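**Student:** From first to last, the protein sequence lines are chains R and L.
Numbering of the first sequence is given in this note's numbering, commencing with residue 1 and proceeding in unit increments.
Numbering of the second sequence is given in this note's numbering, commencing with residue 1001 and proceeding in unit increments.
Honestly, the hints are just simulated from the structure, not real lab data.
Be careful, since some hints might not be right.
Covered stretches of chain L, as calculated for chain R (at least 3 residues, CB under 8 Å) [what the hints assert, rightly or not]:
#1 1079-1088
#2 1094-1102
#3 1112-1126
A short list of chain L residues far from chain R (calculated; beta carbon distances all over 12 Å) [what the hints assert, rightly or not]:
#4 Gly1024
#5 His1029
#6 Gln1144
#7 Arg1157
#8 Lys1235
Quick caveat, the model's predicted, so the values are computed rather than measured.
Note that the Cβ used here is the ideal one computed from N, Cα and C, for glycine as well.
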Amino acid sequence: MKEKALPVLAVLGIIVVIWYAAAVWMNATWVYDQAERAGTTVSFAEVVPQTMAQDRPLLPPPHQVAAELWKGVAGQAVTSKRSLVYHGFVTFRGTMMGFALGIVLGVALAVSIVRFRVMDMSVMPWAIISQTIPIVALAPMILTVANQLGIDSREVPKAVISAYLSFFPVLVSMVKGLRSPDQMQLDLLKTYNASEGETFWKLRLPASMPYFFASLKVAVAAALIGTIVGELPTGAIEGLGARMLIGSQFGEPLIMWAALFAAAILAGLLIVAVGIVERVARKRMGVPA
Amino acid sequence: MKDTLNKAAPVIEAKGLNLTFQTGDGPVHALKDVNLTVERGDFVSFIGPSGCGKTTFLRCVAALEHPTGGSLTVNGMSPDEARRKRAYGYVFQAAGLYPWRTIAGNIALPLEIMGFSKAEQAERIERVLELVELKGFGKKFPWQLSGGMQQRASIARALAFDADILLMDEPFGALDEIVRDRLNEEVLKLWAATGKTIGFVTHSIPEAVYLSTKIVVMSPRPGRITDVIESPLPKERPLDIRDSREFIEIAHRVREGLRAGHGDEV
């Protein structure tokens, strides 16, 4: 554990140092401007402390972000509109819906692509093309369509946008996984006169599981990004995406950065959770620990 | 079912069997005019260089390939019918055990597909594990077993559903010679204990001579039979029979057959 933590901490330390240096450099402009307006001059030693505690810094230093994050997480009731726990939960809920939808869609498409040659030739190219369209451009359209269809809830278009990003890694991995059994394995089942259904349930599906779990980590991160993007143009007032947009529009960089870090922490937790599910599943499938 | 079969009827009978694969480089004659009769209880080895069609012939018997000419019957039926009647168990060169199933679970695979009850599955698994000397390993996963043990488990899988023919395609080709000797002895014991008809593909001359009652020597381009040797060796065969004069004579004849097949190839 110690050997693992050391390099990570070292990199983290370097990032923090660079961050502080950048904060001093970027925020100093404002301090010099203030001094010029007041007709005074400031020495560098006087500038540094002033770059650390501005209300609207160009680049908030780490401790300010940490403080804002702490305030957002622990400083209010979790039901408050200012609570990052509240906004984080909204984003988490959207992510889970998009993730689930993406898994169902990805697996269903993969199964039909492996089963039917027609699907392989017709659907696969479109699935690839779908990922070349910038989601930022597509998101407002999905919202408009949802509106046209009379769907009032913001959750639905958000989940759709999230699923749009997360189904793809699942699809690609599952196609590969379902096709992973070699000819000998297929021949063996043929000698048992196994039906296509039996081949699927007893060979193809279990053989695809390692591919499936590998894709989940990518898919859950994509689902989170999709949800946040879905929260940006909705005029949404809830969710980490909305929080970021508010911070940016109202010139409150601290709010924006705190939301950004909350999203990063959420992503980390989601990936750890998927990793735990994967480990449990692998253990049940007899993989050496 | 078994008793109603005429004892004298051949288990496998090929007459003028031909198989041509259409490839990008033109047709490949994998089997040409193959005539062979295998009687009940025979241990038949197929030996020859790669490309001689020994594996292809076995795959035809298993209905994994379909001949383009001639006739082939298995237990008096077409190979496809014989497969539906579970006439044979097939052992491939690699054990091909499912890593996500235990050894017992792997042996249960054909039994599940063929619809045996849970109780009967358990009873059969116990029996075949004992037969291949893997008693007590049922709960292990394949990665916990050595290569030789994995191959024994795959033989157990082929034995589990009482097919009276066992087809083995270079089953010990990937194993070292010491393990191989031991498994050869075990296969002979298994054969004596179960009375199955065995078709065995190999490219080891000692292996073929040691195991077989009948050795089919084949040669490539086109794949054909050059010699069929009925072994005079007794059914009881200790490993040191390989130093006997008879053994060496048969091995010599196999080698001659292989050389003759190569001679007219150039």
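**Student:** Checking each numbered hint in turn, tell me which of them this model violates, lowest number first.
**Tutor:** The structure breaks hints 6 and 7; every other hint is satisfied.
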